[in-house]
Every structure is written in structure tokens, then in C-alpha cells.
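Trainee: This is what each chain is made of:
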Amino acid sequence: MSPNLVERQVRRVRNGVAYLAGSAHPAVAQTPRDLVFTRDKARLWRYRSDRRTVRPPLLIVHSLVSKSTILDLLPGSSMIGFLLSEGFDVFLLDWVPADAADAQNTLETYVDGYVPDAVRAAADEAGADELTVIGYCFGAVLALLLAAGHPELPIRNLVALTCPCDYREMGFMSRMFMPGRLDPDDVIDDTGLVPAAVMDEGFQSLKPTDRVVQQVTLWENLWNDRWLEGYLAINRWARDQVAFPGATFRQTVDLLIRRNGLFEGVVPLGRRDVRLADIACPFLNVYCEQDTIVRAASSKPLVGLVGSDDATELVLQSGHIGLVAGRQAKEAQPQIAEWIRARSAGAPARGPREEEAAR
Amino acid sequence: MATRRAPADAEADGHLPSVSWRDVFDAVERPVSAGAEAWMQSDAFMDALALTWKLERRALHAVHGAVGTWLALWGLPSRADVKDAVNQVAALERQVRELSEELRRSRAE
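Protein chains in written order, with the numbering used here: chain L, 2 to 360; chain F, 365 to 473.
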């Protein structure tokens, strides 16, 4: 039952004081997990579950531009929690925020180094022959390049969640780096990183009145404890950007933005050309009509660029964040889970640790 | 969570549609937001922003350089000195990573 006007005002004052005092911080990323592999700033987590019924395991590759807490935001609003409840064995590859030691990391450092290592480590840990790889945002770019550039890896299915492809359609952030405007080194600092503040400013620029709208929406719903918890969790994540390695950023501007390599289907990496047409595994491209960060028009061409005979497109009426957290995610995630389940087997997953425990 | 009554439903009940302060805000904000977004997507705005960004960065470098020179006169470390130290530590960390990687590979072989 909705509280009456007086109750609302009392709650609004109470929550407002807590908000202003900075004491209203919901606990995020609470799903129990174990760190199973680490190399430099790469971390591979396996989520605990006693109901792993779907095989192969899932490996989620997170973006380099944000923290992975968005994937496991709050109990009841967690993509990882949902996948666990569906019987999947879930691994997450995320990154400790980059510092000066990571400034020279290139796309190859991730695509030919950390991510393949994590794929092998996850397969070993789960005792699996294959994995389903899911990439979110820039993590989907890494996952695509991985699948295209490493056909030897045991990738059974590939899922791209809001993956930028045609950078001409990415709007403000990519157009600012077209020739004649900004060069990558204009935003890279003395330690070789694109500072977190610059990343934050870039995202804020996509919707200039967003901060005002957020404050008004906050005032409107300040009395609602449940709404406020979700708002604070998402807002804190959105403002908590991380620095981006400068060398990777230079390549992103050159190869992906200016040369539009993904849309052209060929990205030169290391001493070879990585071709999206070499992706032969079942492929699901998920993108969102309301996405202001990775626009639908940018993601849309992917299905026609991969070489897979089983390439599917899932278009959702949500935003970039709404796909993985919040109300709209509850409609989106079952469709993604169903696609993966249809391309998975039902044997329970059991890794070396479980085998040992069972003995 | 509060549910806002759709004006059409209210009219169907024989009531006048109620307009909340939020409806008024949205009615003002939407065209303002759309206009601001369209302006920010224009070539003229982006060119101007890029130029401003570059000038601001050059000015900041000049200020940091001047402050650094002044601090050096007093024998105090400047921002550039701190950055140099950070980069040296980072370079050492990268070397340790490379050595660890070589060790890992040789063990695997």
C-alpha cells in the first residue's frame, strides 16, 4: 500500500538527510564468489552455486571503462544472480582499475593475453571443454576480437551485449575524435591514462540535462526506500568511472573510430588481421533501442558481419544499463538465457575442486 | 512506487486530468534536452569544444610548468616530479610483469 502524504514527507526528510550525509550507500555485488585466476589487473571470479545444471559455463567479459558491480548490483536486480538462478555456472572476468603500470596495455594485451588466459582458466576450473562467452559494452568488443582472432579457443557460443560496431553511429564521443578535432593524446594524462574524470565527462555529455533530471527524479521518489536503494546503487556506479589505458585508447581511436574497423569487418591486431567473418560459433547480438551510450544503429550491423550460420539479433526496448540492472532487465535477461540454454547441454558442471570435494 | 494516473483514463472516468509538478517539469525539460542534444551534436559545437579543450590543456601545462619552476627554486618537488616518480614505478612494475610472464612460459615449456 502506498504511504499517505504525511508519511511520504517524513520518509523524504529522513532519506534526504541520509543522502546528504552520504550514509545511504547500498551494499552492491553481494553474490558469493571465489577468485579463481588473477594476472596483473585481470581477475577471474567464479560465482558459488549449488544448482549448476547447464553446461557449458558462462564467461562474462566486462568492459574496461566501468566497474563490474553493475552486473551484480543488488539482490533481486543482478544479472549474475539471475543467470545463477537459471542453473548456469557463471564466471566473470573483470579488471582492477588501470593505473600507470597499465598505460601501455594495448588491445593485444587483452585480446591475445588476459582474455584467452581467463578462458583457459575458466574451462580448467569448471572441468569444461567449452565455454559460452558473453561480452558487455567494450567487453563485447574484446570478446568479438577474441572469438575472431583465436579460433583455437573452446568458445561454444558468443553473446555481445550492447557492443559498439559502426562507430560513425556512436555520436558525440566518437565524433569528437574524428580527424581535425581531438587526438587521443589530447585526453591522455602524464601517466599515460585517460583519466576517470574525462571518461565521466564524456558520458555526461551524451545527455546534457541528465544530471538535472536525475535530481528532480530523486526528489520525486525520495520517500520510496526501495526505489532510492536502486537509484543510489546505479548512480554511484555510473559516477564511479575508471581510467582507461592510453595505448588501448590510441588504438580504439585509430582502428575502431577513425578506420571503423569492426564495421569494415577487419581489425589489424599484432601482426595479423582479425576478421569478424572468422567467427563461426553461434552468435547473439543484443542491443537496446533506448541506449544513449552505444546506439542501436551502431550495434545493429554485427549480425551481418560474423561468419556464423547461427547469428541472431535481439533488440530490446531498454537502455544501456537497463539491459543488465533494473526493471527492464527482468524482461531482457530471460530471453538471453533462453538463447544460450537452447545452445547448451544439460549435464551438470563439475570442476576439479568439486571433483576433489566429491571424492 | 507511486503510479501516475494516465490523463486518458481520468477523462474516461469523468474526471479532469490532474497535472502534477513533474508533468510540468517534463514538458519543459524534453524540448530543452532535445535542443541541447542537437546543439551538442552539431559540427560547430564539436569543433569549438575541441579547440577549447586543446587551449585549456596548453594553458594548464603552462601553469604547471611555471608553478614547477617556482617550486624548484625552493627545492620542492613539483607535479611533474611526482608524475616522473609514478611513471618510474610503473615502468618497474611492467618489467616485473614481463619477467613473471617469461618465467611462467619457461615453466610451462
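Treat the hints with care, since some could be wrong.
Not close to chain L: a few residues of chain F, all C-beta gaps over 12 Å, as computed [unchecked claim]:
(1) D390
(2) A400
(3) W417
(4) A430
(5) T433
(6) L435
(7) L437
(8) W438
(9) L456
(10) S470
Example chain L residues on the side facing chain F (calculated, C-beta under 8 Å, incomplete) [claimed, not checked]:
(11) D41
(12) A43
(13) P98
(14) M177
(15) Q205
(16) V214
Chain L is nowhere near these chain F residues, computed Cβ spacing over 12 Å in every case [what the hints assert, rightly or not]:
(17) A398
(18) L413
(19) R422
(20) G439
(21) A454
(22) V460
Quick caveat, the hints were computed from the structure, so don't treat them as lab data.
All figures in this text were calculated on a predicted structure; none of them were measured in a lab.
Even glycine gets a Cβ: it sits at the ideal position worked out from N, Cα and C.
Trainee: State for each hint whether it applies.
Mentor: A quick look at each hint next to the structure:
D390/F, annotated as away from the interface, has a beta carbon of chain L within 12 Å; the closest lies near 9 Å. The claim that A400/F is not at the interface with chain L is violated, since a C-beta of that chain comes within 12 Å of its own (minimum 4 Å). Some Cβ of chain L comes within 12 Å of the Cβ of W417/F; the nearest lies about 6 Å off, and the non-interface call is violated. Against chain L, the non-interface label of A430/F holds: every CB pair exceeds 12 Å, the least being about 16 Å.
Once the 12 Å rule is applied to beta carbons, T433/F is consistent with being away from chain L; the minimum gap is 17 Å. With a cut of 12 Å on Cβ distances, L435/F stays outside the contact zone with chain L, its closest approach being about 16 Å. The non-interface label for L437/F is consistent with chain L: the shortest C-beta to C-beta separation is roughly 22 Å, beyond 12 Å. Remark: the non-interface label on W438/F is consistent with the geometry, its nearest Cβ contact in chain L lying 22 Å away (cut-off 12 Å).
Residue placement check: L456/F does not keep its beta carbon more than 12 Å from all beta carbons of chain L (closest about 9 Å). Look at S470/F: its CB is around 16 Å from the nearest CB on chain L, clear of 12 Å, so calling it non-interface holds up. The beta carbon of D41/L comes within 6 Å of a beta carbon in chain F, closer than 8 Å, and the hint placing it at the interface holds. A least Cβ separation of about 11 Å between A43/L and chain F goes past the 8 Å threshold, and the interface hint is therefore violated.
Proximity of P98/L to chain F is violated relative to the hint, the smallest CB-CB distance being about 14 Å (cut-off 8 Å). The interface hint given for M177/L is met, as the beta carbon of that residue sits about 6 Å from the closest beta carbon of chain F, less than 8 Å. At about 11 Å, the closest approach between the beta carbon of Q205/L and any beta carbon in chain F exceeds 8 Å, and the interface hint on this residue is violated. Given hint, V214/L at the interface with chain F, holds; its Cβ is 6 Å from that chain's nearest Cβ, closer than 8 Å.
The claim that A398/F lies off the interface is violated: its Cβ sits roughly 9 Å from the closest Cβ of chain L, which falls inside the 12 Å cut-off. The Cβ of L413/F does not lie farther than 12 Å from every Cβ of chain L; its closest approach is about 7 Å, which violates its non-interface assignment. Not every C-beta of chain L lies more than 12 Å from that of R422/F, the closest at about 10 Å, which undercuts listing it as non-interface. Every CB of chain L is more than 12 Å from the CB of G439/F (nearest about 22 Å), matching its label as outside the interface.
At roughly 3 Å from the closest C-beta of chain L, the C-beta of A454/F falls inside 12 Å, breaking its exclusion from the interface. The Cβ of V460/F sits about 9 Å from the closest Cβ of chain L, inside the 12 Å cut-off, so the non-interface label is violated.
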